[in-house]
Amino acid sequence: MPAAVAADNPFDLDDDAAYRRWRERKLADCPRSPEHLMVDVADPLHLTVAERAALLDRCERANMAVYVSARADADNAIPRRIGEQLGLRTLDVNVMADDDGISPLSAVEAGPRSGFIPYTNRAIRWHTDGYYNPPQRRIRAMILHCVQRAASGGENRLLDHELAYIALRDADPAHIRALMLADAMTIPARSEEGEVARGDQTGPVFSIDDDGRLHMRYTARTRSIAWKDDDAVRAATDALLGVLEADPHVLCLRQEPGMGIVCNNVLHNRAAFADSPGHTRLVLRARYYERIGSDAHAAN
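Each residue of the sequence shown is one higher than the one before, starting from 29 at the first, in the working numbering.
There's no promise every hint is true.
Here are the in silico distance ranges between beta carbons for each label pair [what the hints assert, rightly or not]:
(1) Asp257 to Ala81: 45 to 51 Å
(2) Leu55 to Gly240: 26 to 32 Å
(3) Glu273 to Asp237: 25 to 31 Å
(4) Thr250 to Ala210: 39 to 45 Å
(5) Ala138 to Glu273: 33 to 39 Å
(6) Ala46 to Pro305: 34 to 40 Å
Calculated directly from the structure, the hints in this document are not laboratory data.
Bear in mind the structure is a predicted one, so any value in this text is a computation, not a measurement.
No residue lacks a Cβ here, since even glycine has one placed at the ideal position from N, Cα and C.
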């Protein structure tokens, strides 16, 4: 087990009592519908004390929350400011993002973004964001702010990664051991114009952060991924796919303009969608290295 697993930690496979106590609390608190995640927000740029507390409470219990506001303008300041108020400081600035680190997700037909699936209208399989990042750029939190929805489709399905962990551990703790192997999953190097844009990224699916919280790194894609050639890993990944398809805790949400998902990088996917002249899907994405609420002195 990783050195970060401390005594009385529910993610220590040798501490079943701690796991059972945590599991009982987790299942008692988990949301039964997307509505249980929602918080009405008057102005996302200036959360009230009560609004911020409600979002933090949902993220603490379910690793995600949904704010509902009337601010549907394409203003990168909205997700950035929401993040600041929830204790998020360090944006993952990637090559497809705007200069300020915010990525405008919409279907484009040409240009460098068109080669990446988030910038198409195609379905995206289950994943956590940044699964191809090196450890020093681990994505722990994310915000998806909806500016405009598609004419049809584009729904997100969401599953708290801690609930996926519970389902797998309850089925067979060997699944967790396999997915915590340091070489369980490799994302092969990516090249651009003959140059290596990103090297191989090998690591576990489940790991424990320095603060004792569970992190998950995963993609259900079948191309550009290499799983460890191991029977236990194969059994675990098959079991995980079964959880993602059938777990009763999976939530389905179609964002409307002004809504935003804030989460500790939970498992999620996206349905294919179709735009129309009046409904061109645009979602502003911000990804962070901190967890939500990690900064107790976040600004209001």
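Evaluated hints:
no.	hint	in the structure
1	Asp257 to Ala81: 45 to 51 Å	holds, 48 Å
2	Leu55 to Gly240: 26 to 32 Å	violated, 19 Å
3	Glu273 to Asp237: 25 to 31 Å	holds, 28 Å
4	Thr250 to Ala210: 39 to 45 Å	violated, 23 Å
5	Ala138 to Glu273: 33 to 39 Å	holds, 35 Å
6	Ala46 to Pro305: 34 to 40 Å	violated, 55 Å
Comparing the model with each numbered hint stated earlier shows that hints 2, 4 and 6 do not hold.
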